[in-house]
Structure formats: C-alpha cells, structure tokens
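Visitor: If you want the building blocks of each chain, they are given just below.
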Amino acid sequence: MSTLWVAIVAVTLANVAIKAAGPILAGGRELPPRVNDVIALLTPALLTALVVTETFGEGDHLALDERALGIGVAAVALALRAPVLLAVVLAALATALARLLS
Amino acid sequence: MRNEARRGSEGYLAGARAGLPFALVAGVVAISFGALARSLDWGVLAPIVFSVITFSVAAQFAVAAVLGAGGGAFAAIAAAVLLNARFLPMGMAVAPFLKGGPLRRALEGQTILTTSWALASRGGGRFDRAFMIGATVPQYVAWTVGTAIGVLADNIVGDVERLGLDVIFPAFFLALLVRELKSGGKRTIAATAIAAALAAALVPIAPPSVPVLAACGAALLGLKRRSS
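Residue numbers (numbering that gives the first Met the number 0), protein chains in the order written: chain A, 0 to 101; chain B, 0 to 227.
Since the hints were derived computationally from the structure, they do not count as laboratory data. All values derive from a computational prediction rather than experimental measurement. Ideal Cβ placement from N, Cα and C applies to all residues, glycine included. Be aware that a few hints might be false.
[Unchecked claim] If you anchor each label on the Cβ, the simulated ranges turn out as follows:
(1) B:V48 <-> A:E57: 30 to 36 Å
(2) B:A192 <-> A:E57: 18 to 24 Å
(3) A:V34 <-> B:A192: 20 to 26 Å
(4) B:A189 <-> A:G71: 22 to 28 Å
(5) B:A189 <-> A:P32: 17 to 23 Å
(6) B:V51 <-> A:T2: 33 to 39 Å
(7) B:L12 <-> A:H60: 39 to 45 Å
(8) A:D59 <-> B:K185: 32 to 38 Å
(9) A:L96 <-> B:K181: 27 to 33 Å
(10) B:V140 <-> A:E57: 29 to 35 Å
(11) B:V51 <-> A:A78: 38 to 44 Å
(12) A:R33 <-> B:A152: 51 to 57 Å
(13) A:L12 <-> B:G42: 46 to 52 Å
Please build the complete structure, drawing on both the sequences and the hints.
Guide: Here it is in structure tokens:
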C-alpha cells in the first residue's frame with residue numbers, strides 16, 4: 000500500500016476513534032455537578048481558542064493582518080446587534096477588500 | 000408519539016437549513032482541496048475516498064501539506080490526529096445530549112464537525128443533538144461532491160483566501176462566543192479570558208492545534224465552587 004493510502008486509512012480510523020471517545024466517556028450517565036460545570040465551560044473555552052488561533056495565528060507566530068480587520072468588523076457588527084450571518088459576511092467582505100487593496 | 004417524531008424531524012431539518020451556508024463554503028474549500036490533491040498527483044480515487052471516509056477539512060489539508068512537502072506517512076498521520084484532537088473535548092461537551100447506549104452515542108458522535116457543533120450549541124453548555132446531526136448532512140454532501148469536482152475539473156476556485164473565506168469560521172465562532180458570554184456568568188468570562196491568553200501564548204511555542212487543546216484547560220475553572 001502506498002504512503003498516501005496508509006495515511007488515509009490511519010487518519011480515518013483515528014478520526015472515528017477521537018469522535019467516538021467523548022460521547023462514550025462523558026455520556027449516558029449522571030456526572031458529578033462539578034464535572035458538568037467543567038464540561039459546560041469547554042464550549043466558551045474552545046470557541047475562544049478557535050477565534051484567537053484562526054484570527055491571529057500564522058504558522059508559528061501571531062500576526063495582525065487582514066483577518067484581524069475582518070474579525071474586528073464582525074465584533075462591531077455583533078455589538079450593534081447585527082444578525083450572525085450578516086456579521087460573518089461583513090467579516091469576509093472586509094478581509095477580502097483589505098487583501099485586494101494591500 | 001407522532002407529535003414527538005415530527006418535532007424530531009423538524010430539528011434535523013432546521014439543522015440542515017442552518018448548515019447550508021457552511022455547506023456552500025465547505026464545497027468551495029473542497030474544490031480547492033481536490034485541486035491540491037490533483038497537483039500532488041494523488042489520482043482520482045484517493046482524494047475522493049479520503050473525503051468520503053474522513054470528512055475533515057483540517058486533517059485532509061494537513062496530510063496533503065506533509066506528504067506534499069516530502070514527509071512520511073507517520074508525520075502526516077500525527078499532524079492530522081493532533082489537529083482533530085479538538086473533537087475529544089467537543090465530543091465530551093455534546094455527550095450528555097446524545098441518545099442511546101455507547102455504540103449509538105459513538106455513531107452520533109461521528110457527525111461532530113466544528114461548525115455543526117458550534118451551530119448546535121444553545122448557550123450554557125447545552126446542545127441540540129438533532130440540529131447538529133442535521134447541520135452536518137449538507138456539509139458532508141458538499142465536501143464530497145466538491146472534492147470530486149476539484150479533482151476532475153481544472154482549478155475553478157483559485158485562492159480561497161482572496162475571497163476572505165478563511166475568516167468566515169473565526170467570525171462565526173466569535174458570534175457564538177458572544178452568546179455564550181451573554182448567557183454565562185462570571186466564570187464564563189474568566190474561562191474565556193484564560194483560554195484566550197493560553198491560546199495566544201502557545202501559538203509561537205507549540206505545534207499547531209496544541210494551543211486550542213491547551214486552552215480547554217480553562218474549563219477547569221468549573222471545579223471551583225460557584226461564588227453565588
């Protein structure tokens with residue numbers, strides 16, 4: 000089997016196992032309240048990390064570029080109570096426009 | 000009973016509708032993945048099978064990047080697994096809302112995508128299971144069809160970044176984070192601040208995706224007794 004097929008099969012199996020692990024470990028039973036509190040906080044923690052890394056992460060360093068401008072526009076739109084979809088579209092437009100001009 | 004069944008299918012449909020805009024983006028990104036695979040001489044079958052059975056944007060691009068740069072299978076697998084390790088905490092967060100025994104929950108867990116997971120979050124750590132499953136379906140279809148188009152056609156998309164499509168995801172996650180912050184208490188704000196600091200501090204020193212995983216450590220604030 001070629002390197003490519005080895006990678007495809009192994010990544011698929013790992014992916015299935017990772018996605019199965021959480022639901023098997025943390026589902027189907029009553030968990031202590033404190034554990035539930037931790038699980039509930041996973042959502043904002045993960046969302047925050049995704050925003051930070053996808054906005055400022057550039058390989059192995061932080062960068063302030065057109066993405067940050069787009070996310071800034073989205074933040075302003077959200078603060079002004081714009082619908083989510085509008086805020087997202089404005090972010091993409093602002094970033095695309097800034098890249099066009101730079 | 001019939002009422003309940005109908006309400007159930009409405010949940011899947013609502014999720015599918017919410018997933019449509021992301022399916023459009025997934026389709027465009029998939030076309031660019033197919034075109035990348037074509038430029039790496041992966042043939043027609045391998046990239047399409049890859050998308051059908053793995054269905055992971057980050058993992059598939061990681062494998063393409065590592066193998067394309069002359070790396071071996073092990074390095075490619077390690078990069079992909081590290082990137083997808085975020086599905087572990089995501090799976091734990093939705094776990095209480097999935098149905099059935101371990102096998103059924105494991106199967107339902109396969110529908111976890113970062114976008115669907117985020118779309119299905121209802122604030123305060125709650126999740127809408129049917130909405131998540133429904134939201135994944137159109138994205139899966141677009142991802143596989145888009146990959147096939149990208150492999151078979153000439154590069155018709157060009158640079159995804161030129162269209163600003165790469166900020167769609169963080170912008171969307173920001174919108175959901177705002178909602179979490181509105182519905183959560185002081186602990187949510189504190190966890191957010193810690194997660195942001197951890198992620199930003201680790202980007203320059205840790206391999207990709209480690210910052211996201213480490214930032215989950217901020218959720219340990221939940222162990223602290225509520226002050227109220």
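Visitor: Compare the structure with each hint and give your call.
Guide: To see whether the hints hold, each was checked on the structure:
With their beta carbons about 32 Å apart, V48 of chain B and E57 of chain A fall inside the hinted range of 30 to 36 Å. Between A192 of chain B and E57 of chain A the beta carbons are some 23 Å apart, a value that agrees with the proposed interval 18 to 24 Å. Range check, V34 of chain A to A192 of chain B: about 22 Å between beta-carbon atoms, so the 20 to 26 Å window is met. Take A189 of chain B and G71 of chain A: their Cβ atoms lie about 23 Å apart, and the range 22 to 28 Å holds.
For the hinted restraint 17 to 23 Å between A189 of chain B and P32 of chain A, the CB-CB distance of approximately 18 Å keeps it satisfied. At roughly 20 Å, the beta-carbon separation of V51 of chain B and T2 of chain A lies outside the given 33 to 39 Å, and the hint is violated. Taking 39 to 45 Å as the suggested C-beta distance range, the pair L12 of chain B and H60 of chain A conforms, at roughly 44 Å. Hint check: D59 of chain A to K185 of chain B, Cβ distance near 34 Å, so the stated range 32 to 38 Å holds.
At about 29 Å, the CB distance of L96 of chain A to K181 of chain B agrees with the hint of 27 to 33 Å. The hinted window of 29 to 35 Å between V140 of chain B and E57 of chain A holds, with their beta carbons roughly 32 Å apart. Evaluation of the 38 to 44 Å hint for V51 of chain B and A78 of chain A yields a pass: the beta carbon distance comes to about 41 Å. Evaluation of the 51 to 57 Å hint for R33 of chain A and A152 of chain B yields a pass: the beta carbon distance comes to about 53 Å.
At about 21 Å, the CB distance of L12 of chain A to G42 of chain B disagrees with the hint of 46 to 52 Å.
Of the numbered hints listed earlier, those contradicted by the structure are 6, 13.
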